[in-house]
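Student: Each chain, written out:
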Amino acid sequence: MTNRPNYTRNGTFVILGLSAALVIAVLLSPFASSDPDGLDRVAEDHDFAKQAEEDTVAKQLPFYSVFEEYALRGVPEAVATPLAGLIGTLTVFGMAWGAGKLLVKGSVQDSTDSDLPDRPSN
Amino acid sequence: MGDLSSLIFWSGLHGVLFPQLALHIPDGFLSLPVSLVTWVMAIALIATALGRVKGEHQERTVPLMGVCAAFIFAAQMINFPIPGGTSGHLLGGTLAGVLLGPWAGTLVMTVVFIVQAALFQDGGLTVLGANIFNMGLIGTFGGYYLYKALRSTLGFNSWRGMSIAVAIASWTSVVLASVATALQLAISGTVSLTVALIAMLGWHILIGIGEAIITLIATSYVWRVRPDLLYDPPQRSPLPRPLVQR
Chain A
54 MTNRPNYTRN GTFVILGLSA ALVIAVLLSP FASSDPDGLD RVAEDHDFAK
104 QAEEDTVAKQ LPFYSVFEEY ALRGVPEAVA TPLAGLIGTL TVFGMAWGAG
154 KLLVKGSVQD STDSDLPDRP SN
Chain B
412 MGDLSSLIFW SGLHGVLFPQ LALHIPDGFL SLPVSLVTWV MAIALIATAL
462 GRVKGEHQER TVPLMGVCAA FIFAAQMINF PIPGGTSGHL LGGTLAGVLL
512 GPWAGTLVMT VVFIVQAALF QDGGLTVLGA NIFNMGLIGT FGGYYLYKAL
562 RSTLGFNSWR GMSIAVAIAS WTSVVLASVA TALQLAISGT VSLTVALIAM
612 LGWHILIGIG EAIITLIATS YVWRVRPDLL YDPPQRSPLP RPLVQR
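Chains A and B are the protein sequences, given in the same order. My numbering applies: residue 54 is where the first sequence begins, and numbers increase by one. My numbering applies: residue 412 is where the second sequence begins, and numbers increase by one.
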């Protein structure tokens, strides 16, 4: 029970929540299990893993020259995944906030329909 | 059925040859018709969600969408081991639904999967519709409405009702996601339905337990510190206790 106005308390919650996410993405990600996960394992056991395409659309995007899966290119291996986690977490944070902001702000009569949250433009 | 030696062979080569797919479907596993149909279903639900978020949400929920997306993205990076040499990670759809409701939750999950596929080559872009549907929308809609029904039945304002509802709904959403994936793989002709169903269910019944635990930890924190931020906040009893006994 505090008298602080709601926006301050919300600000605290947002900072705590984002910090928790960053700690997970940066500090815990190197410890993630490298065992194949559910679908991966099934694909291997039942011989269709090889059907995964090699030259995917995602590899044509400029981001592929920056990230190789969850690893930032051109940095020491030890920090490649933590940095990818850091950048990814901040990117989704900003995009989800931005998508919400666009929608909720224009809630009165504004119908400039952007049908999907924008692709990241960084 | 792979025999033991081929299994060991694949496990050994796995790290070299194959990326972590999670329940994320890569390009090439689904046929064009299945990809298209799942795209249409995903886009229809996302479009509806966009409209509903416009209509019902207030400015103050916007930062929470950012936090929720950040947490789910980060948690999805953490594969936890399950017995049998497999791993799983949080999907988060039910968590997003519980925290933000099905509409804003859907947008959050969509952002997460777009970033994973576009930036990190995790999950194919051509099958993104299927991935958004399976791992996101099944949770934000199926998981959310199951949670709400269970919570209403078991005690809407008690942690007991809340926690049981959250655990069951989040576990179920993972199991349903694996069934949906198995169906899509089978319809695509990638693998037979029986094999796909048994194999996918076998692992995801276990992975779902991890989903339930992580979703419980996250919701219990919000329940304790800021229950008012939940999409369906608990109501304080209008008569906390009588001022005068008898």
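Rather than coming from a laboratory, the hints here were simulated on the basis of the structure. One or more hints might be untrue.
[Stated by the list, open to error] Only pairs whose alpha carbons sit at most 30 angstroms apart, straight line, appear in this in silico BS3-like list of lysine-lysine:
| id | chain 1 | residue 1 | chain 2 | residue 2 |
| --- | --- | --- | --- | --- |
| 1 | B | K465 | A | K112 |
| 2 | B | K465 | B | K559 |
| 3 | A | K154 | B | K465 |
Student: Take the hints in turn and mark each one as holding or not.
Tutor: Against the structure, the hints:
no.: 1; hint: B/K465 with A/K112; result: violated (34 angstroms)
no.: 2; hint: B/K465 with B/K559; result: holds (22 angstroms)
no.: 3; hint: A/K154 with B/K465; result: holds (10 angstroms)
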